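Build out the structure end to end from the sequences listed, making use of the hints.
Listed below are the residues making up each chain.
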Amino acid sequence: MTEEAIFAGFGGQGVLSMGMILAYAGMIENKEVCWMPSYGPEMRGGTANATTIISDTLISSPIISKYDTVVALNQPSVDKFEGKIKTGGTIIYDATNILTPPTRTDIKVFGIPGSETAVNLKNIRVLNMVVLGAFIATRHTVKPETILEALKKVLPERYHNLIPLNKKAFEEGMALIKN
Amino acid sequence: MGELKLMKGNEALAEALIRSGCDGYFGYPITPQSEVIEYLSREATARTGMVVLQAESEVASINMIYGAAATGRRVATTSSSPGISLMQEGISYIAGAELPCLVVNVVRGGPGLGTIQPSQADYFQATKGGGHGDYHLLVLAPYNVQEMVDFVKLGFELGEKYRNPVMILADGAMGQMMEKVELFEQQTRKTSFADWATNGKPKDKERRIITSLFIEPERMEQVNLNLQAKYKAMQENEVRYQTMNTDDAEYILTGFGLGSRIAMKVMELAREKGIKVGLIRPQTVYPFPYQVYKDIAPKVKGILDIEMNAGQMVEDVRLAVGDKTRVEFYGRMGGIIAEPDEVFNYFEKVFLGDK
Chain A
1 MTEEAIFAGF
11 GGQGVLSMGM
21 ILAYAGMIEN
31 KEVCWMPSYG
41 PEMRGGTANA
51 TTIISDTLIS
61 SPIISKYDTV
71 VALNQPSVDK
81 FEGKIKTGGT
91 IIYDATNILT
101 PPTRTDIKVF
111 GIPGSETAVN
121 LKNIRVLNMV
131 VLGAFIATRH
141 TVKPETILEA
151 LKKVLPERYH
161 NLIPLNKKAF
171 EEGMALIKN
Chain B
1 MGELKLMKGN
11 EALAEALIRS
21 GCDGYFGYPI
31 TPQSEVIEYL
41 SREATARTGM
51 VVLQAESEVA
61 SINMIYGAAA
71 TGRRVATTSS
81 SPGISLMQEG
91 ISYIAGAELP
101 CLVVNVVRGG
111 PGLGTIQPSQ
121 ADYFQATKGG
131 GHGDYHLLVL
141 APYNVQEMVD
151 FVKLGFELGE
161 KYRNPVMILA
171 DGAMGQMMEK
181 VELFEQQTRK
191 TSFADWATNG
201 KPKDKERRII
211 TSLFIEPERM
221 EQVNLNLQAK
231 YKAMQENEVR
241 YQTMNTDDAE
251 YILTGFGLGS
261 RIAMKVMELA
271 REKGIKVGLI
281 RPQTVYPFPY
291 QVYKDIAPKV
301 KGILDIEMNA
311 GQMVEDVRLA
321 VGDKTRVEFY
331 GRMGGIIAEP
341 DEVFNYFEKV
351 FLGDK
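Chain order of the listed sequences is A and B. Residue numbering for the first sequence is 1 to 179, as defined by the working numbering. Residue numbering for the second sequence is 1 to 355, as defined by the working numbering.
Think of the hints as simulated: they come from the structure by calculation, not from any bench. Here the structure is a predicted model, which means the values were calculated and not measured. Relax, there's no trap hidden among the hints.
The calculated lysine-lysine pairs, modelled on DSS-like cross-linking and capped at a C-alpha distance of 25 Å, are:
id : chain 1 : residue 1 : chain 2 : residue 2
1  : A       : Lys167    : B       : Lys5
2  : B       : Lys276    : A       : Lys66
3  : B       : Lys273    : B       : Lys299
4  : A       : Lys167    : A       : Lys143
5  : A       : Lys143    : A       : Lys86
6  : B       : Lys349    : A       : Lys66
7  : A       : Lys84     : B       : Lys273
8  : A       : Lys86     : B       : Lys273
9  : B       : Lys5      : A       : Lys143
10 : B       : Lys230    : B       : Lys128
11 : A       : Lys66     : B       : Lys273
12 : B       : Lys349    : A       : Lys84
Here it is, written out as structure tokens:
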């Protein structure tokens, strides 16, 4: 199994953390992992992204031409990465934010009301956990409980009071796909 | 098995500096490697008592390294391309004075102030001199975060073995990406020092002098002859490289650091299509593994070298293989990283185009 994914959105939406939590979870499950963030000019106000690779075998390039899965939290990310998904691959996007959805028919498309779900939980900052829930429910890259274990590692201790909210957001994100 | 962690390349390297019993770090922040000094400032002194000092410039840091290395201590500095250029005078002095130290270059796109994105355009500077005079650094090129850790320990050991400055030639991607790493045990800091160290002169010992100034040309030539003998010994004993799938290979992909990671992916793409492709990845780019290329050249139809520059290591590959096989090159510059698909397309075009 190799999952080559990219998490993309505006800076501040938590896309880098999404990838990092997934990478941590992969490590906990003894898989090979690689997390490669964008850190260049696009980080300053534009789009941010993190390529995240989870594999049972040695990972080759951290730079990927075509992804298994694209997770897009804003319109520029859909526009930029829709064409870079493997045939039969997956795109998960925040349908609350993205008004022009992907059009490809040779990929699996999941538009989820991510921001709406986060707002209903009274904290837009858990958007990334909602979408990560949808990602895990779609891709099953790691076990859901491993994500929650990884969250504790990634989230600084002073924010650990937010773990129950993040857990709820993650579970609601999973439910968006299951229902 | 050591402790497993998920770490950014820069942080893993900083952790390895602490664990290798480093006595002093002198540096000046620059993207894409500022995490090194940030991490050390947070962690190092409290854990091992190691000195962590932000100098006023890269020129100051390298000269602090020169002074501290002269006392026989383990010292290191890190920077990125423009900062490393500023250090070249000091590096030449350190090489001339035969002092061990570790210099890390997390390369970004140039020339000039350039860009903060990953690049491999400092290969010539790292392996062919950089500063003035006939000298070489021993240069290690990590291709993953694990080697960002392992090469710190190895770099200090080799530097002390040869009394020579060692460079780790990484790039922005190696510094910024996170991977799983196994950390080695904390080494204790040195308590006894080499017989050349200028760390105080008791009355009963002879005076020791560290210098790179030898006014008499006869003496200067002798120093040069000693240096060359040392470089020859490095070429004989310290060449390190890795090969993958070379046994049945009809074509060879090659590259160092990030270039070799992309080459690995291209090899996977080619193997999926039944094309027999292998890979050679130098871990030391000085001394360069000429022999492995020379040996494989007559057995293959061609070699494709992949670098994030205009073609630098490829000169060493060509020197190694002569006319024994075709050597092609694919590179992107200025902070652009070649994608595996574009490299694979180029590979098909140049080697399989007539099929």
